[in-house]
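**Student:** The primary structure of each chain is shown beneath.
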Amino acid sequence: MTATPHPMRLVTIVCEALARDLLLRLARECGAHGATVSPASGVGATGERPADIEEGANVRVEFVVTPETAARILERVERDLFPRFACILWESDVRVLRRGKF
Amino acid sequence: MTATPHPMRLVTIVCEALARDLLLRLARECGAHGATVSPASGVGATGERPADIEEGANVRVEFVVTPETAARILERVERDLFPRFACILWESDVRVLRRGKF
Amino acid sequence: MTATPHPMRLVTIVCEALARDLLLRLARECGAHGATVSPASGVGATGERPADIEEGANVRVEFVVTPETAARILERVERDLFPRFACILWESDVRVLRRGKF
Amino acid sequence: MDLLEAIRHNLLSPAPLFFALGLLAAAAKSDLKLPEALYSSLTIYLLAAIGFKGGAAIQEAGLGVVWLPVLVAAVLSAAIPLWTYPVLRFLGRFPASDAASIAAHYGSVSAVTFTVATGFLANTSVPYEGYSSALLAIMESPAILVGVLLGKMTEGPGNPGPGSSLREVLREALLGKSVVLLVGALLIGFLCGKSGLEKVGGFFVAPFQGVLALFLLELGLVAGRRLRDLRRAGPFLIAFGVLIPVVHGAVGVAIGLTIGLSPGGATLLGTLCASASYIAAPAAMRLALPDANPTLSLAASLAITFPFNVSLGIPLYHEMAMRWSTP
Amino acid sequence: MDLLEAIRHNLLSPAPLFFALGLLAAAAKSDLKLPEALYSSLTIYLLAAIGFKGGAAIQEAGLGVVWLPVLVAAVLSAAIPLWTYPVLRFLGRFPASDAASIAAHYGSVSAVTFTVATGFLANTSVPYEGYSSALLAIMESPAILVGVLLGKMTEGPGNPGPGSSLREVLREALLGKSVVLLVGALLIGFLCGKSGLEKVGGFFVAPFQGVLALFLLELGLVAGRRLRDLRRAGPFLIAFGVLIPVVHGAVGVAIGLTIGLSPGGATLLGTLCASASYIAAPAAMRLALPDANPTLSLAASLAITFPFNVSLGIPLYHEMAMRWSTP
Amino acid sequence: MDLLEAIRHNLLSPAPLFFALGLLAAAAKSDLKLPEALYSSLTIYLLAAIGFKGGAAIQEAGLGVVWLPVLVAAVLSAAIPLWTYPVLRFLGRFPASDAASIAAHYGSVSAVTFTVATGFLANTSVPYEGYSSALLAIMESPAILVGVLLGKMTEGPGNPGPGSSLREVLREALLGKSVVLLVGALLIGFLCGKSGLEKVGGFFVAPFQGVLALFLLELGLVAGRRLRDLRRAGPFLIAFGVLIPVVHGAVGVAIGLTIGLSPGGATLLGTLCASASYIAAPAAMRLALPDANPTLSLAASLAITFPFNVSLGIPLYHEMAMRWSTP
Ligand SMILES: Nc1ncnc2c1ncn2[C@@H]1O[C@H](COP(=O)(O)O)[C@@H](O)[C@H]1O
Ligand SMILES: Nc1ncnc2c1ncn2[C@@H]1O[C@H](COP(=O)(O)O)[C@@H](O)[C@H]1O
Ligand SMILES: Nc1ncnc2c1ncn2[C@@H]1O[C@H](COP(=O)(O)O)[C@@H](O)[C@H]1O
Ligand code: NA
Ligand code: NA
Ligand code: NA
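Chains as they are written, first to last, in my numbering: chain A, 49 to 150; chain B, 49 to 150; chain C, 49 to 150; chain D, 117 to 443; chain E, 117 to 443; chain F, 117 to 443.
If you are wondering where the hints come from, they were derived from the structure by calculation, not from laboratory data.
Quantities reported herein were computed from a predicted structural model and do not represent experimental measurements.
Note that the Cβ used here is the ideal one computed from N, Cα and C, for glycine as well.
Honestly, I wouldn't trust all of these hints.
A few chain F residues that face chain E, going by a derived Cβ cut-off under 7 Å, partial list only [stated by the list, open to error]:
no. : residue
1   : 128
2   : 129
3   : 130
4   : 137
5   : 142
6   : 143
7   : 146
8   : 147
9   : 148
10  : 151
11  : 154
12  : 243
13  : 322
14  : 325
15  : 329
Modelling step: build the complete structure from the supplied sequences, incorporating the hints.
**Tutor:** Quick look at the structure:
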């Protein structure tokens with residue numbers, strides 16, 4: 049069995065921990081089948097976000113999705129999260145195994 | 049001294065924390081010279097994996113490797129981990145400094 | 049409103065937690081406007097770096113920056129961090145929303 | 117013991133001094149920091165312990181005694197934002213959402229300030245109603261709800277986005293972790309009574325003051341990092357953060373004495389009115405009023421009002437309670 | 117004290133009530149959660165404390181007294197999967213690997229259930245053998261080994277993959293963190309004896325019941341999130357999770373009395389037989405029997421059997437022990 | 117009690133046994149590990165508790181009594197690297213930066229070793245100066261500064277890179293988290309005195325020995341993982357890690373008796389001289405002398421000197437103090 053990877057999009061969002069649940073719901077609505085969430089702290093335009101009180105911490109959320117789903121997520125994040133939360137997003141091209149999962 | 053980056057592969061695997069040691073061993077056998085492990089929680093086909101009890105948590109493991117090593121890791125993960133653990137994998141192209149390390 | 053992403057560089061550095069502040073300062077001097085820091089443990093040429101005592105842990109720092117800033121960061125990391133700390137760096141191409149932030 | 121003596125006595129006790137240590141360490145940019153998990157764990161411990169002890173005290177006192185103070189406290193918490201909001205909006209010239217958010221913080225309460233006050237009373241051997249932490253539990257949420265309503269009323273129409281619906285705010289105000297823990301532990305304490313408290317006293321009672329001291333070290337570190345934000349906040353907010361607690365403290369003490377609380381109990385009600393939330397309110401406001409700047413409210417409550425209360429405020433409210441209670 | 121009274125008494129104590137609070141908070145989808153590090157820290161504390169106290173008690177009692185109950189307990193742990201497996205396989209129609217995994221969970225034991233039982237005995241002033249936690253320590257591993265053998269025997273041939281070799285399973289069963297801590301602390305307690313226990317009693321004894329209550333809050337939250345899985349598990353597993361503990365409890369009590377344990381000690385042996393593992397077994401099974409669905413076994417042990425035992429089971433086993441011991 | 121008896125007594129107490137359990141578990145590659153946050157939390161607790169108790173003791177003793185031992189201790193800490201460095205450089209043939217870094221580790225002190233020593237004295241009912249933890253606090257930094265100077269003097273010119281300037285090293289040595297906590301808590305204890313200590317005794321005193329035992333479990337795990345590094349370190353460093361503490365212990369005991377400390381106090385000063393840092397020094401050296409290999413110094417201090425001191429060293433220094441104090 050040879051492992052042939054399929055092209056897919058990786059969308060990474062870093063935002064306030066408070067926005068975690070909203071973000072996951074939003075992405076599910078856009079068609080994401082899963083998500084990986086890691087703790088993070090950060091510095092950015094809205095100052096330092098140290099991780100010691102959860103209210104101030106960031107989360108780093110990754111979605112591996114099809115290009116169409118990625119486009120939908122980008123649009124929703126731009127509309128619903130950017131105006132309300134300290135948040136950044138980037139997107140890149142990746143290859144996955146088991147395309148059917150995404 | 050100018051910093052000229054060399055092409056390399058980044059293989060990222062998110063899986064049950066329990067599979068951590070197996071995964072690291074497997075990748076070493078395939079020729080990976082190092083690994084970076086971060087804690088993660090997640091949602092996917094096998095349900096929510098909250099981080100509060102370690103048995104249920106995920107880890108996110110990254111390997112920066114040559115394309116040949118990457119291919120070997122993909123094959124082994126597909127064969128040994130996918131059938132047994134909740135697990136996803138993606139691969140992307142990166143550039144590194146100090147090619148000799150990888 | 050359509051969300052059109054702009055090309056940008058993602059520079060990821062994994063290094064000893066002790067080097068965190070130096071790295072953030074260095075990147076700011078190179079022109080990075082922000083950074084995301086996650087906890088990590090790892091294995092590499094300098095042995096295992098388990099996360100249980102902070103002195104031994106790694107951090108994983110990501111910068112989303114312009115290609116010019118990325119080049120500057122690579123040069124500084126090569127000059128200032130590589131000789132002194134256990135450290136690896138990789139760079140990749142990403143697309144972001146809100147180009148003005150970076 | 118006169119006021120100055122009481123202040124000196126209060127300042128030279130472990131809790132405020134550990135807070136000062138945290139402030140100084142943050143100001144000196146020391147790398148001292150507590151792990152995030154320790155911060156949350158201490159919060160959980162303190163809320164569970166406060167609730168449990170309060171519940172056991174309610175059972176001892178009987179619900180017949182407790183209902184009036186609890187009702188009055190709930191009304192006070194809901195009422196405070198009603199006058200705090202116009203002060204901020206028209207005197208302080210804050211935007212509507214910021215005024216509403218800050219008003220909600222000051223109507224809600226700080227469990228840690230409350231606890232420092234009970235420690236102060238214990239050290240000066242002033243008795244107080246054991247069920248007072250029921251007042252703490254009831255005062256968390258009403259102000260948050262009123263604050264959100266104030267903010268929403270003035271907000272223009274437009275896409276509210278997910279999470280800003282009134283239902284979600286209600287949920288956050290009533291099921292937020294601090295409320296659930298405090299009220300839940302209160303109920304458990306009430307059901308278990310004194311015998312239950314004895315079983316777990318080695319954990320929830322004996323180490324309590326020391327845990328509080330450690331927690332204040334962390335709060336000092338957090339507040340110290342917030343000090344920078346204060347400069348942006350401007351002199352009005354700083355004055356507000358010192359003066360409004362004195363007003364609310366006086367109101368709380370007076371009403372407490374009126375409804376028949378002991379001077380110790382009235383001191384605690386005054387302290388609760390004077391204190392500002394920095395756990396429940398920030399999270400709820402961030403979700404409900406995203407336009408409000410969280411830096412302003414958190415800097416005011418954590419870096420001004422909290423230190424003021426634990427150093428000077430509490431002895432002051434106690435002094436008021438003593439003077440106004442002697443006929 | 118009759119059975120109903122004992123149940124009421126048991127339910128109205130802090131530990132089960134905090135568990136209920138956790139269940140309710142999870143059901144109401146409150147954002148209350150304990151940091152992961154606190155969960156592991158409390159586990160480590162509880163295991164170290166249980167082991168240490170048990171070891172000191174063994175030293176006091178003398179090895180001559182302890183060997184027989186320990187041996188019997190080990191045999192019980194190994195035997196339970198032998199009859200539980202066919203019940204699950206043929207009555208419950210579970211696949212072989214699931215039947216083996218669940219059987220291993222029910223042969224192994226739950227340290228927290230054990231601890232709630234010692235608390236119950238202490239509160240009702242029933243004496244028990246101090247060395248009973250040696251029984252807890254010995255009963256963790258045998259069932260896991262037997263369960264793995266059952267699962268492997270029936271597994272078809274094929275690529276086992278890394279980590280599923282018998283050697284690795286043995287390693288996980290004998291060197292898994294809960295076994296190492298419990299047995300290690302037991303040895304330390306045995307070597308230090310009573311004087312050692314006095315030195316560390318302010319940490320390992322005084323706050324113990326309170327820490328347990330906090331831990332049960334967390335377990336309640338985890339179990340609450342598992343409740344959804346139960347629907348998938350089906351009615352057979354739910355009935356199994358309630359009935360099998362009663363059977364095993366009766367067996368444990370009867371055998372305990374037969375080998376000369378006091379009614380209190382027999383209650384504890386019964387509780388151990390009735391309890392199901394949710395710390396050591398899940399990790400070992402996940403590695404050894406990857407085809408088994410971890411959701412099934414964890415939902416049964418944590419969301420059914422555990423709450424049943426800490427609420428109704430323990431008073432019931434105690435009642436059995438009292439009745440059957442009076443001649 | 118003769119030396120052998122004292123060693124046996126010391127070894128059979130919880131703290132060293134938990135350390136041994138950690139060592140064994142790491143050697144057997146058990147998956148037992150403590151969460152990182154627990155490690156930092158225990159460190160913070162221990163340093164705060166040690167400092168607080170020491171400060172309260174200074175207030176009781178009076179500054180007039182304390183200044184001389186404190187001054188002597190500071191000088192000792194600064195002086196030790198001056199002779200340790202040439203030993204490592206010329207006998208051990210280490211590179212300059214490694215020699216300087218190891219010398220700094222051995223001039224600085226280990227709070228945990230100190231604490232095990234106070235436990236040993238308490239268990240053998242030997243009185244000691246309560247303010248001794250002031251000696252611990254003062255001895256952390258001087259050796260670090262001297263070590264850095266030694267390393268820098270011999271370092272060739274070249275781009276030092278960010279963070280290696282003397283100012284940053286001073287900052288790390290004086291504002292590093294362990295120094296800030298220890299000195300800060302000492303000051304707080306001094307200001308609060310005995311009455312303050314009573315308030316927080318249920319947290320900072322009663323559970324202390326037990327917390328220490330748990331912390332030693334973690335240290336054992338960390339040291340166990342370092343044992344592999346020892347092979348690379350070579351026999352010289354192993355001999356160094358055992359012999360140099362004996363020399364420093366003797367020096368500390370002798371000087372302690374000379375300046376009028378009780379035998380107990382002299383034992384503690386000897387222990388401090390003999391102990392090597394593994395919290396403050398590693399961090400400071402990593403920043404100041406990046407060429408030094410952190411594996412060497414940490415393996416020596418944590419995997420050789422620390423276990424030696426807590427098992428054999430402390431009874432030995434105590435024996436010295438007893439012999440040399442009787443006229
Ligand atoms: N250029 C950047 N590179 C990486 N992470 C960033 C960058 N800018 C912002 N972030 C992350 O996004 C969070 C919010 O950013 P901001 O809205 O700019 O405060 C920060 O706390 C960082 O974690
Ligand atoms: N589409 C996805 N994007 C990002 N992470 C995913 C995705 N699907 C699954 N994961 C991660 O992989 C883990 C296992 O996935 P699964 O096997 O689908 O339950 C999840 O807990 C997530 O952390
Ligand atoms: N090939 C690799 N892939 C991913 N992470 C690596 C790799 N090599 C090293 N690392 C990370 O970089 C840290 C320092 O590497 P080293 O300097 O090789 O010890 C390690 O602890 C790992 O976290
Ligand atoms: Na208030
Ligand atoms: Na069982
Ligand atoms: Na020393």
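**Student:** Now look at each hint and say whether the structure bears it out.
**Tutor:** Hints, one by one, checked against the model:
Checking residue 128/F against chain E: minimum C-beta separation of about 5 Å stays under 7 Å; hint holds. Proximity of residue 129/F to chain E holds as hinted, the smallest CB-CB distance being about 6 Å (cut-off 7 Å). At its closest, the beta carbon of residue 130/F sits 5 Å from a beta carbon of chain E; the interface hint therefore holds under the 7 Å criterion. This hint holds: residue 137/F has a C-beta 4 Å from the nearest C-beta of chain E, less than the 7 Å allowed.
The interface hint given for residue 142/F is broken, as the beta carbon of that residue sits about 10 Å from the closest beta carbon of chain E, more than 7 Å. Because the smallest distance between the Cβ of residue 143/F and any Cβ of chain E comes to about 11 Å, over 7 Å, the interface hint for this residue is violated. For residue 146/F, the interface hint holds, since its Cβ comes within 7 Å of a Cβ in chain E; the closest pair sits about 4 Å apart. Given hint, residue 147/F at the interface with chain E, holds; its Cβ is 5 Å from that chain's nearest Cβ, closer than 7 Å.
A cut of 7 Å between beta carbons decides the hint on residue 148/F: the least distance to chain E is about 4 Å, and the hint holds. A distance limit of 7 Å between C-beta atoms decides the matter here; for residue 151/F the minimum to chain E is near 4 Å, and the interface restraint holds. A distance limit of 7 Å between C-beta atoms decides the matter here; for residue 154/F the minimum to chain E is near 5 Å, and the interface restraint holds. Hint status for residue 243/F: violated, given a least beta-carbon distance of 18 Å to chain E, over 7 Å.
Because the closest C-beta pair between residue 322/F and chain E is about 4 Å apart, less than 7 Å, the hint holds. Among the interface hints, the one on residue 325/F holds; its C-beta lies about 5 Å from the nearest C-beta in chain E, closer than the 7 Å criterion. Interface hint at residue 329/F: satisfied, since its Cβ lies 6 Å from the closest Cβ of chain E, which is below the 7 Å cut-off.
Checked against the numbered hints above, the structure breaks hints 5, 6 and 12 and satisfies the rest.
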